[in-house]
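Enquirer: Sequence:
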Amino acid sequence: MIIGILPQHAISRVVHGLARWRWRPWKNLLIRAFTRAYTVNLNEAASPERSNFESFNAFFTRALAPGAREIATGTHSIVSPVDGEISEFGSIKAGRVIQAKGQDYTTIDLLGGDPRIAQRFANGAFATLYLSPSDYHRVHMPIAGELEQMLHIPGRLFGVSKPLVAHVPRLFARNERVVSLFETAAGPLAVILVGAIGVGSIETVWAGEITPPRGRRIRTWSYPQDPPDFAIGEEMGRFNLGSTVILLWGPETIYWNNNLAVGQPIRMGSAIGQHSGSVPIESDSISD
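If you use our numbering, the sequence shown corresponds to residues 796 to 1083, in order.
All clues stand as given, with none of them false.
Simulated restraints, written as ranges between beta carbons of each label pair:
no. : residue 1 : residue 2 : range
1   : Lys957    : Arg911    : 29 to 35 Å
2   : Asn823    : Ser1017   : 38 to 44 Å
3   : Gly908    : Ala961    : 23 to 29 Å
4   : Lys888    : Phe829    : 35 to 41 Å
Treat the hints as calculated values from the structure; they're not laboratory data. Ideal placement from N, C-alpha and C gives every residue a C-beta, glycine not left out.
Whenever a hint applies, use it, and build me the whole structure from the sequences.
Expert: Printed below as a string of structure tokens:
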């Protein structure tokens, strides 16, 4: 497959630079072409004027206007952390997560080879959420939580389009990713931001830009004292171009909405399930 022999990291470095170039004719050209190609709705952005963005990256990671998304307020609600589409969701069985029909990978591989972390999610649940180029690209908390640890796991930068996800073995466990581990009322939660070719960088609100630089070793940050804590729906990170978010939950802690389906569009803040102590619910708030 051609994508496997491309200089993925070199391409992403070039994209990183070009997306941040502030030369007005250049950034205006990119923003204008992008909004036309992907029918981007700027009316819901905090700054709806294309000319107000200092770079293409600032446009791509634009904030939403206040009230543009409603956060589900049920006592035990689990909400979507992103605008996007449900690629897969379900149970973690024998330590394996479904990538696509006929493709899966292990939680140990996804979490950087650490069996102690993976064990926390044994027999738990997962959801894989794909963000298209036209989607809002900030990532929010699906539930209130306290940050325990963050890992940067270097890797490849395969694209994450449906054909590649269906045919590249263990794609999400091979691509570069940032893993954030939280303790929540529903037990352990991993929010995994997966990179892809053309993804200039991944950042979190507490640590800033994690990539680049891109190294060869796993980097780990722990927060034993005064850990950052987040409310449900609060921003926790963003993609500077790209990609995919994977959620991992512990065993018997959450229940997906009965009408949740693969391929379903979702909006940040809409209810996708409930956490332990509740029963599955019927909801019409998954997508607008």
